[in-house]
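Visitor: Starting from the known structure of chain A, arrange chains B and C on it as the hints suggest.
Those sequence lines, one after another, are chains A, B and C.
The opening position of the first sequence corresponds to residue 1 in our numbering, with each subsequent residue numbered one higher.
The opening position of the second sequence corresponds to residue 1 in our numbering, with each subsequent residue numbered one higher.
The opening position of the third sequence corresponds to residue 1 in our numbering, with each subsequent residue numbered one higher.
Any given hint might turn out to be false.
Dumping the calculated DSSO-like pairs for lysine-lysine here, alpha-carbon to alpha-carbon at most 30 Å [said to hold, decoys possible]: (1) A/Lys39 <-> C/Lys473; (2) A/Lys58 <-> A/Lys121; (3) C/Lys473 <-> A/Lys121; (4) C/Lys486 <-> C/Lys473; (5) A/Lys121 <-> C/Lys486; (6) C/Lys473 <-> A/Lys133; (7) C/Lys486 <-> A/Lys58; (8) C/Lys489 <-> C/Lys473; (9) C/Lys455 <-> A/Lys39; (10) A/Lys94 <-> C/Lys455; (11) A/Lys133 <-> A/Lys121; (12) C/Lys498 <-> C/Lys486; (13) C/Lys422 <-> A/Lys178; (14) A/Lys178 <-> C/Lys361; (15) A/Lys121 <-> C/Lys489; (16) C/Lys473 <-> C/Lys455; (17) A/Lys121 <-> A/Lys39; (18) A/Lys163 <-> C/Lys473; (19) C/Lys361 <-> C/Lys100; (20) A/Lys58 <-> A/Lys94.
So, partial list: chain B residues that the calculated Cβ filter (under 8 Å) puts toward chain C [to be verified]: (21) Met5; (22) Leu6; (23) Ser8; (24) Pro9; (25) His12; (26) Ser16; (27) Gly116; (28) Pro291; (29) Val292; (30) Val296; (31) Pro345; (32) Val347; (33) His350.
The set of hints was computed from the structure by calculation and includes no laboratory data.
Positions of the beta carbon are idealized from the N, C-alpha and C atoms, including for glycine.
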Amino acid sequence: MTGLLYALASFGAFALVSGIILAIAQKVFHIDGDPMVDKIDALLPQTQCGQCGYPGCKPYSEAVASSQAEVNHCVPGGERVMLQIADLMGVEPKELEAEAAAPMLAFVREDECIGCTLCIKACPVDAIIGAPKQYHTVVADHCTGCTLCVEPCPVDCIDMLVKPELIEHWSWPLPETKRAQQGHERRDHHASHA
Amino acid sequence: MPLIMLSSPHAHGGDSVRVIMLTVILALLPAAGVSVYLFGWMAFLLIVTCIVAALLTEAVCLKWMGRPVATVLDNSAALTGLFLALTLPAATPWWMAVLGSVLAIVLGKQVYGGLGYNIFNPALSARVILLISFPLQMTTFIMPMSALEPAINLYDFSICATLFFIGPEALNLGFDAISMASPLGHIKTEWTVGVPVAEALAAYQYSYLDAFLGLESGSIGETSALALLIGGIFLLARHSITWHIPITYIVTVLVLAGLFNALNPDQYASPMFHLFAGGLILCAFFMATDPVSSPVTPMGQIIFGLGCGILTWSIRTWGGYPEGAMFAVVLMNCAVPLIDHYFRPRVYGHSARRES
Amino acid sequence: MKGGIIMPAMLRKIAQRLGMLQHSFTGGIHPDMHKVTAEMPIEDCAIGSLLVLPMKQHIGDICVPLVAVGDRVLRGQKIARSEGYLSVPVHASTSGHVVKIEEHAIAHPSGMGLPSIFIEPDGLDERDESLIPILDWENREATELRERARTCGLAGLGGAVFPTFIKLVQDKRFPVETVILNGIECEPWLTNDHRLMLEHAAEVLEGMGIIKHMVGAESGIIAIEDNKPDAAAAIQQALDDRDDMDGVSVVVLPTRYPQGSEKQLIYTLTGLEVPAGKLPMHIGVLCQNVATSKALYDAVVLGQPLTERIVTVSGDALAKPANLRVRLGTLMRSLFARQELEDFTDIQIIHGGPMMGERMKQPDVPVVKASTGLLAMSAEAMGAAHTVEQACIRCGHCSEACPISLVPNLLADQCRSEQFEKAEQYDLFDCIECGACSYVCPSNIPLVHYFRYGKGQVALQRREQVFAEASRKRSEAHENRLLREKEEKAARRSRVRKTHAPKTDEAKADETKPEKKAAAEPAAVEESK
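In isolation and in its complexed conformation, chain A is listed as follows (with noise of 0.2 Å):
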């Protein structure tokens, strides 16, 4: 009887220290805010497009780290994005719904713009300039390709153009043998059984 209180005793003790330990180091440790977020939001591309359904990156990043959203919404992320995030979050891979586009850039065709500000506003990251009256362009460096100054413009003078690709930029894309572009399959067959 005794052995068996002592047993008692000794774990009943342990289970004591343990959890004032764990109180004070939820004290100490404590981080303000959700730092899932932001891990989430600083892998996406800042396109603030909308395209996930969600008015903005950092909205989609809250949705994701609250597991209300899946991963794989983001269109301009595109797969790259996605397993980043899958991975971050500890969840399978999920095939993407839409094909991300090539990168694009908006364009005002300035001869037939009347000056009413409407795309200005649009933009969520004040990439077009100009004031009413006056005609307005694309700061093409700060365009983001989220397409969302096309809807508004009242005699539809914008377009979505490609973006160039630069020399400078060309990087070697994987080698055309077969194990290489296996590992691509693979991934993808992985992602859409998830």
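Guide: The following block gives chains B and C in isolation, referenced to the frame of chain A:
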């Protein structure tokens, strides 16, 4: 002109997996020859069965996995079969040999993804499985034809075929009648009844020369240190293997054996004995140096050899089994990815200290 | 074993320590050298009917055209100026008229192009004499000579085309003690440096003198591989003929690829390693190719900008190989035609050497400052039997061959499976892409291709990250701006309400309407968000 975007270099030295595997097979031929001399048709049957079984198994596996069956011609399955055969005792029945080959190819190689992906040496992992599953047959060694009075005539094909395909009962012989303990097994069992090493070896009529030439009992390919050394030097000369693993492995065993032998010669056998006993030279030059399951980096290879040596000698001396080399190599195989990560060479332009 | 005999590293280190062997870099391979053009003197290549000069023939910023269509230009006239520091100008290679300025394919594996100036030669080959020859360069300031090197468009003619003037600098923090002229030429098939050293030894040596003067170095070494004993003798003879080159010596090194790689050459000659991320200048060494040295002589002593270079036209599919003196901008097709090759079916064209040169998709590409060689190769010579990639068997030959002591098989696996942080940790960016690893791989793994893929992806990801970060900042600024505007509006409205005195009932009825509108506006904005 084709539009394949393969980058430089646009030249190749001509080396291929087939040639590498073939070189090792050639290096094993002296040992295979000695095995046939010692164990006659039994050795021959074992070798052929293992190789054929390995090739067939690999062909079936490749077909099943949707890979080109022609890959079986890269000689790696044939090599695995030959390896396995050389580590088996002569009295191994045919179904055990086939089982071993199947295990080596399937569990030792294909299940990991094929050549290049296995963690463990395929032949050794099969040998270990067989040893643990069939301890009696795997530790019973037939008396070789070099013995003074061999129990059965292994140069008679019909006798060997009967033994191989049916078993010793068909010849009205028990295992004990035709078998003979290996030197390692002998001194180990003698020590358990208190007989010191030197006495046990004298009773066994052990001679270092016989051990060097291979005129002793054991698995069919591991007895002849001379034949194996010839093969090993051939491999070194052809640059199929580097000196790091075999030399480190053997030197470690010699040093440990020498140390303990000096402390207590009654219990611990001499370094020379350990050198020629069991599968040390076979494992050091051929098994531990299997490229897929051994480290890539020179320092890593030395660590690997060191670990194998320590484990081999420890298992032989203090472990439950008389033979430790195959276990040692398989155990060190587990550590190889870690060894590769931590023992990378110093890169040009970087200081010696590495932050992993 | 063909091409694979490597001296055991331990033996080599022991020999070095015992003083029996000079420093010797680890790894390396011994490919068949195929120096079939070694005995062929340099031939002048006739100027074709069209010269295409790309606006960038160097590492760095692209140049801007100075001429317009229709202008007449002279040989050596500057036709494009540098914009940006890391750049050297482009000169017309012969006299003629500018017929076009537009994009043209360049010697790049992608097959893409650059803006180029098209010149139609007028056959007179008239020179621009505006640059005055400097015969007494020993008495001139280094800055003046440096400007001469820049304005003459000099770039590293060993193939790297790094703007030469940038290296020829005197930095008090990092004084240069040794100038090394790289006459190694370790690539198979190429013999342009070999012939240059044989036929222009005196100019190469004078260029060495100019470089030493410019950087204030005490000693100079001209390094030559031992498969070029005649070139070594020629340089040595030229050295003996002068009495003002004390401290300059010729060193003959054992033939091994890649002995001519800057890092390996410096180590072999001095025993010092260039620290990772640093330059040779940080350890007091400066390397230049022998052809660059001669070009410097031309620029300083003759006042002639860079308009031509020696090109080895060879390869196993070319029956009539040669070493040619070619005007920059000549299309490769005309060089091959001169050597009686016009049908390119089943033939691969390599720009440079086989180990580090690149395949060209078609022969209508101009010769530029980087064009050390042009090879017409059959598929078998290019290792066509070795293009089916198999699994890595972890044999370790690649690691033994690597002159930087990397572990290529692990790196390639990481690049293929997109584990780029791990690859960087395994020193992916220390790889010099020499190709020794791919050369020895028994599984035919295109190791260097994987590394290039990995490096490209890492660069791409970094660029995208920078852009994404900037976009995030802009998006946050955009949000903050809207928030500010909303607050200002609300503040204005409350100020308006406060400053106006209480009204009568009719006035109050009028007032509520605009108030309601003002209250409705922010709500509407919130709904539309």
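Visitor: So, for every hint listed, does it hold in this structure?
Guide: Results for each hint:
{"no.": "1", "hint": "A/Lys39 <-> C/Lys473", "in the structure": "holds (16 Å)"}
{"no.": "2", "hint": "A/Lys58 <-> A/Lys121", "in the structure": "holds (19 Å)"}
{"no.": "3", "hint": "C/Lys473 <-> A/Lys121", "in the structure": "holds (17 Å)"}
{"no.": "4", "hint": "C/Lys486 <-> C/Lys473", "in the structure": "holds (20 Å)"}
{"no.": "5", "hint": "A/Lys121 <-> C/Lys486", "in the structure": "holds (14 Å)"}
{"no.": "6", "hint": "C/Lys473 <-> A/Lys133", "in the structure": "holds (28 Å)"}
{"no.": "7", "hint": "C/Lys486 <-> A/Lys58", "in the structure": "holds (21 Å)"}
{"no.": "8", "hint": "C/Lys489 <-> C/Lys473", "in the structure": "holds (24 Å)"}
{"no.": "9", "hint": "C/Lys455 <-> A/Lys39", "in the structure": "holds (24 Å)"}
{"no.": "10", "hint": "A/Lys94 <-> C/Lys455", "in the structure": "holds (27 Å)"}
{"no.": "11", "hint": "A/Lys133 <-> A/Lys121", "in the structure": "holds (14 Å)"}
{"no.": "12", "hint": "C/Lys498 <-> C/Lys486", "in the structure": "holds (18 Å)"}
{"no.": "13", "hint": "C/Lys422 <-> A/Lys178", "in the structure": "holds (24 Å)"}
{"no.": "14", "hint": "A/Lys178 <-> C/Lys361", "in the structure": "holds (22 Å)"}
{"no.": "15", "hint": "A/Lys121 <-> C/Lys489", "in the structure": "holds (17 Å)"}
{"no.": "16", "hint": "C/Lys473 <-> C/Lys455", "in the structure": "holds (27 Å)"}
{"no.": "17", "hint": "A/Lys121 <-> A/Lys39", "in the structure": "holds (29 Å)"}
{"no.": "18", "hint": "A/Lys163 <-> C/Lys473", "in the structure": "holds (22 Å)"}
{"no.": "19", "hint": "C/Lys361 <-> C/Lys100", "in the structure": "holds (23 Å)"}
{"no.": "20", "hint": "A/Lys58 <-> A/Lys94", "in the structure": "holds (20 Å)"}
{"no.": "21", "hint": "Met5", "in the structure": "holds (7 Å)"}
{"no.": "22", "hint": "Leu6", "in the structure": "holds (6 Å)"}
{"no.": "23", "hint": "Ser8", "in the structure": "holds (5 Å)"}
{"no.": "24", "hint": "Pro9", "in the structure": "holds (3 Å)"}
{"no.": "25", "hint": "His12", "in the structure": "holds (3 Å)"}
{"no.": "26", "hint": "Ser16", "in the structure": "holds (5 Å)"}
{"no.": "27", "hint": "Gly116", "in the structure": "holds (3 Å)"}
{"no.": "28", "hint": "Pro291", "in the structure": "holds (4 Å)"}
{"no.": "29", "hint": "Val292", "in the structure": "holds (5 Å)"}
{"no.": "30", "hint": "Val296", "in the structure": "holds (4 Å)"}
{"no.": "31", "hint": "Pro345", "in the structure": "holds (4 Å)"}
{"no.": "32", "hint": "Val347", "in the structure": "holds (5 Å)"}
{"no.": "33", "hint": "His350", "in the structure": "holds (5 Å)"}
Consistency with the previously given hints is maintained throughout, with no hint failing.
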